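Construct the entire structure; sequences and hints are all you get.
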Amino acid sequence: MISSIRVLAREESGIVQLKVMIPHQNESGTRKDEQGIIIPAYFVREGSVTLNGEPLLDIELGPSVSKDPFLQFRFPGKKGDALKVAFLDSRNELFAAEAVVQ
Amino acid sequence: MKRRQFIAKGAGCSAFLLSMSPASLFGAWSAKDFHQCSIDQAFMAALGTSAPDRSDKITIVASPVAEDSSVVPVQVISSLKSEVLYLFVEKNVTPLVIKCTLQGNVLPWFSLNIKMKESSTLYAVVKSEGRFFMTSVNVEIVAQAC
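Protein sequences appear in the order of chains A and B.
So the first sequence is residues 1 to 102, counted in my numbering.
So the second sequence is residues 1001 to 1146, counted in my numbering.
No lab work stands behind these hints: they were computed from the structure.
One thing to keep in mind: the hints can contain errors.
Claimed, not checked - Mimicking PhoX-like on lysine-lysine, the simulated pairs with C-alpha atoms at most 20 Å apart in a straight line are:
| no. | chain 1 | residue 1 | chain 2 | residue 2 |
| --- | --- | --- | --- | --- |
| 1 | B | Lys1117 | A | Lys32 |
| 2 | B | Lys1032 | B | Lys1081 |
| 3 | A | Lys79 | A | Lys19 |
| 4 | B | Lys1117 | B | Lys1091 |
| 5 | B | Lys1057 | B | Lys1081 |
| 6 | A | Lys78 | A | Lys19 |
| 7 | A | Lys32 | B | Lys1091 |
| 8 | B | Lys1091 | A | Lys67 |
| 9 | B | Lys1117 | A | Lys67 |
| 10 | A | Lys32 | A | Lys67 |
It should be emphasised that the depicted structure is a prediction, and the values quoted were computed from it without experimental measurement.
Written out as structure tokens, the structure reads:
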């Protein structure tokens, strides 16, 4: 199954600020429920970003990222550049989106 | 939207997603870097050294006092020529939070929200021309959210 994520990219003075929001519960695997049973770990583990087809970022994430991970990055670019953002969680579910720099 | 347009859009979308199959896109997530251990062991596993040199060219932007331990905003900025950025939280069960490999001209900067188990030191480590440099800040947790 492929889930969608929110991607925003805005250019200002030649620098693009990329914002990525992944709706995900991001369980660390250390919390317990009301019965005292450990809630299994379930979190976004890795991601990649490409700009006009060229690799830009490789991201690896641990379980200590907050619920609904919100990541931001900066790189040189211009309006109209094409971004592809994809993330994979610990159950191998894919989260992906395309965006155009504004 | 007309049905034909809708189908065309759907087809384009699935072609894009098919071209991004996980196997071709993702490297191996390094389980050894992200295991539950002490900060020294996490440094050794991820960096191969437990004592990177300190550098004042790396900055961690985080509030010294965090209200909500489940959402602590953190920024890491480096003015070194950086290839890989790391963020560690000493007291977390899994100290390594993020490993970010920069390609192309990406600026050595990132921002994210992290969870903290308790008040702790944060370490940002930068790999620059094959060497590791780090800086640290303390973040105090006032209220335990989880």
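TODO: Output the numbers, in ascending order, of every earlier hint that fails for this structure.
DONE: Of the numbered hints given earlier, the structure breaks just one, which is hint 2.
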